[in-house]
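Engineer: What follows is each chain in one-letter form.
Protein chains: 2
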Amino acid sequence: MLTYTLSAVRGSPPLYRQLCDALRADIAARRFAPDEKLPSKRTLAAQLGVSVLTVEAAYAQLLSEGWIYTRPKSGHFATPLAALPRELSALEASAATCASRRTGQSSVHSATATSPFPAPEKRQRSARDPRESAARNHGQTNDEIIDLAGGGPDVEDFPFSVWAKIVRRLLSGGNRELLAPTPSAGAMELREAVAEHLREFRGMQVDPERVFVAAGAETLYALLVRALGTARPWAVENPGHRTIAAVYRQCGAVVRPVPVDSGGLSADALAASGAAVAHVSPAHQYPTGVVAPAARRYEWLAWAAEEDGRVLVEDDYDSELRAEGLPLPTLQSMDAAGRVVHLGTFSRTLAPSLRVGCMVVPEPLLPRFREVFAPLSCTVPNLMQFALAAFLSEGHFARHLARTRTRCRRVRSELLEALRSGPLAGRSEIAEERAGPHLLLSLRTRRPDSTIAAAASAAGIRVRLLSSFYDGPAPRAAAGRLVLDYSALRPGRAVEAVERLARLLS
Amino acid sequence: MLTYTLSAVRGSPPLYRQLCDALRADIAARRFAPDEKLPSKRTLAAQLGVSVLTVEAAYAQLLSEGWIYTRPKSGHFATPLAALPRELSALEASAATCASRRTGQSSVHSATATSPFPAPEKRQRSARDPRESAARNHGQTNDEIIDLAGGGPDVEDFPFSVWAKIVRRLLSGGNRELLAPTPSAGAMELREAVAEHLREFRGMQVDPERVFVAAGAETLYALLVRALGTARPWAVENPGHRTIAAVYRQCGAVVRPVPVDSGGLSADALAASGAAVAHVSPAHQYPTGVVAPAARRYEWLAWAAEEDGRVLVEDDYDSELRAEGLPLPTLQSMDAAGRVVHLGTFSRTLAPSLRVGCMVVPEPLLPRFREVFAPLSCTVPNLMQFALAAFLSEGHFARHLARTRTRCRRVRSELLEALRSGPLAGRSEIAEERAGPHLLLSLRTRRPDSTIAAAASAAGIRVRLLSSFYDGPAPRAAAGRLVLDYSALRPGRAVEAVERLARLLS
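Residue numbers (our numbering), protein chains in the order written: chain F, 1 to 506; chain S, 1 to 506.
These are calculated hints, taken from the structure and not from any lab test.
Just so you know, even glycine gets a beta-carbon here, dropped at the ideal spot from N, CA and C.
Don't take every hint at face value.
[Said to hold, decoys possible] A short list of chain S residues far from chain F (calculated; beta carbon distances all over 12 Å):
1. T5
2. K37
3. V50
4. T70
5. G203
6. A253
7. A272
8. R355
9. L365
10. E371
11. L383
12. A402
13. A425
14. G426
15. G472
16. P475
[Unchecked claim] Derived Cβ-Cβ restraints for the label pairs, each shown as a range:
17. F/D268 with S/E306: 48 to 54 Å
18. F/P364 with S/E306: 44 to 50 Å
19. S/T243 with F/E36: 38 to 44 Å
20. S/R399 with F/E307: 56 to 62 Å
21. S/T243 with F/G203: 33 to 39 Å
22. S/T243 with F/S457: 41 to 47 Å
23. F/G274 with S/R446: 55 to 61 Å
24. F/G274 with S/E306: 38 to 44 Å
Next up, chain F with everything else stripped away, as it sits in the complex (with noise of 0.2 Å):
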């Protein structure tokens, strides 16, 4: 019988919280045997004496994170996890009862929808849920450009009067401080209040010593190559974000574009790539909207533990924004060998143009990062890095992240019933994983996605194909497929936006 002991102390996590931290726990240490059915919820309530909407949300939880999956009226059960070298998966309490290495199933439970990727089984749920209402939207319908090809949040929603207050405030106390240099890894105060923040966020233990900070992620990915080399290949996410290759290459790594399978980036085509280096995301793969089940992520941690030299780079690029649920645990934390450095950028939430990227690097390469910035500068001014700093201590960003969330909540589902209740219903089909302000569109058409993206121009809209996001081809499947990246989509608009995507269908 399963028993855990929930503690119900004001101040705690919630009870589900509690309930998902334990099993979660028990399946990476493998006390579950593999595929083992877990207790019906009902079960499990009464044991634990709790409600069953706690062990439902636990398990919903423990469900879009790939430890467990369902089978239809057969229940619940444990995931088959890719086996670790003995005490490299932090998670584990204890490898008793190690599964072994199952390639190929791993990506069989991972909740996503309808989706253009290869897959071994059918999904499990419908993107096109009858439970969601009809309703419509009250948009405006002016003339002005929708944009719905992202790249950050609205400028609207920048807390603007808040950070100009800290920025004057700073300004005014005449602070030497804000023209001494800095270490190169960032002001110490930065450091510490972003370790503050992924512990809160993200449930990180981070030194703040680890965390590195830059002027934005592409600056990263840079210093990167420099810390990790070019002299084997880096593999990056195909279809991603594109950049991520244009700037491994510029600085002259080799880049092998590995395959996003419904689970994210192939472990088995990762393996054959020959790569040392693997750029993944996974609490929520761009464009795809990919989650990242657990036995992908065992996977690849297995690879990379493998063979010394390896590294996984897990850009957390938006995972702050999640829709539903609680944030997914970092790979990182999943990691007990040192073998993840952590990507992440305040691009996505805040506003691009602040210019602030951070990185947590793992023990084992701390010599190695700590050489290779000695001789550099930081590349954040001063001014800034103090901004931040006030602005995640002083408890702003929590707030504005807690708006954020909301307001894409209600896009999302403004969206979503725009696209199955306007012109669009029966005409095009949804595939997205809850996780971020992006979705998949397929559109039923024949239109050449050449056509498609003149088209949009024309109907005063701003989105792109999924085709484009391909290093190289883009797979025939890829066609038709558009990228709805909300996050700059304002709330009221979603009706107007799906009219005028309907136009790329005539």
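Position chain S against the provided structure of chain F, taking the given hints into account.
Structural biologist: Below, chain S alone, put in the same frame as chain F:
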């Protein structure tokens, strides 16, 4: 007979400057034969109807730029210049009387004072000018550490209130511009302001489209490697700023340290190095203080023009702080072949913590640099870009530079006097070029550099040894030489500084 029409109309440049420009153009155009004697100051003054002082100032400037040289008691002569391929020198009006290339003679005519660097002939000037009075400074003598290791202007000198005012104004405008992305090479407002600044202070004709802005010089170095490639080696000055070679190496370039002689980076050694890119600082070499004479510059330009793909990187890190005379023309303005990338920074003149550097890319390289920048975001935060643009275009920077130069000159003369009259008189020799805020001091001592370095921290003074600027082992001649960078030395502290320096000898 030499005749020039000089304009005395209000608003024209000073007469000496007009004369200097006219003579320079004629020498560059080879209208003087190699080693041709110029008219005496008195004769030319009479011919032109100007005062002898005007001619004297023009000759002094041309001397410091290396266009002319003196022979004791016989007057001024035109420097023989390396032959450039036809129509490659932007300063040449005609190529009718091209001098033949005279390698090895070019560095003879430098105005360098005592120098540790190989030079084929004796110096013409002594650094220990007897005309300098031996007055003492009235410095405080407290225990605060005295910084002669430089690395930027004194924080106290930063025009904080003006800067803060601009930032506040930008913030209170609630300006959407502050958040919208700028072009990857920087906001047009800033690039225009930089171009105007370079026109005014460096006499450069710069299309703002050729200006690229990034987060400091080191970010520019890395982008240069990405643009110019690592297929062939990169030459750097030895001794030199160690960070330059460090960044190039980190970015995958094979670096060839090329010796600096009394004319700057040796042209012969450069030709033998096999390098395709050469990083030079013609205006003021760090740490030797050498100002590259015109002849050497032409040798570099000839080297660059000799083979496709060769590029000169002109590092103009502190020319605005030149202690005496006009700033020298830039290498880029002497080059019509489009082989020179000009680098500037605001770290030396404003504050390192601003993190803004800029480069001016020659026309033929523009397509390649645009390609590299295309996928990137500008690494300078918008707020900094717009604040700096306003700071430049509203004249604050020009005023700040004037103040900083005044302070630099004052500190320089205090330091020179203190060296000549204080406890180091007779125990050291000064080598400097009147160019920027540092000089070389040779101590008459047999103490090894390691002992001197250890004594410095005990004496409460930050100072760097020339030997620490070498890539690889320093030559014996570098021993016992201090690089005195007084950019961070406050007025009134020179006497105390020299007293502490004297302790390094006992």
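Engineer: Run every hint past the structure and note whether it holds.
Structural biologist: Against the structure, the hints:
{"no.": "1", "hint": "T5", "verdict": "48 Å, holds"}
{"no.": "2", "hint": "K37", "verdict": "49 Å, holds"}
{"no.": "3", "hint": "V50", "verdict": "45 Å, holds"}
{"no.": "4", "hint": "T70", "verdict": "41 Å, holds"}
{"no.": "5", "hint": "G203", "verdict": "29 Å, holds"}
{"no.": "6", "hint": "A253", "verdict": "9 Å, violated"}
{"no.": "7", "hint": "A272", "verdict": "26 Å, holds"}
{"no.": "8", "hint": "R355", "verdict": "5 Å, violated"}
{"no.": "9", "hint": "L365", "verdict": "15 Å, holds"}
{"no.": "10", "hint": "E371", "verdict": "9 Å, violated"}
{"no.": "11", "hint": "L383", "verdict": "8 Å, violated"}
{"no.": "12", "hint": "A402", "verdict": "20 Å, holds"}
{"no.": "13", "hint": "A425", "verdict": "34 Å, holds"}
{"no.": "14", "hint": "G426", "verdict": "37 Å, holds"}
{"no.": "15", "hint": "G472", "verdict": "16 Å, holds"}
{"no.": "16", "hint": "P475", "verdict": "23 Å, holds"}
{"no.": "17", "hint": "F/D268 with S/E306: 48 to 54 Å", "verdict": "52 Å, holds"}
{"no.": "18", "hint": "F/P364 with S/E306: 44 to 50 Å", "verdict": "48 Å, holds"}
{"no.": "19", "hint": "S/T243 with F/E36: 38 to 44 Å", "verdict": "57 Å, violated"}
{"no.": "20", "hint": "S/R399 with F/E307: 56 to 62 Å", "verdict": "60 Å, holds"}
{"no.": "21", "hint": "S/T243 with F/G203: 33 to 39 Å", "verdict": "38 Å, holds"}
{"no.": "22", "hint": "S/T243 with F/S457: 41 to 47 Å", "verdict": "45 Å, holds"}
{"no.": "23", "hint": "F/G274 with S/R446: 55 to 61 Å", "verdict": "57 Å, holds"}
{"no.": "24", "hint": "F/G274 with S/E306: 38 to 44 Å", "verdict": "40 Å, holds"}
This entry does not satisfy hints 6, 8, 10, 11 and 19, going by the numbered hints stated previously.
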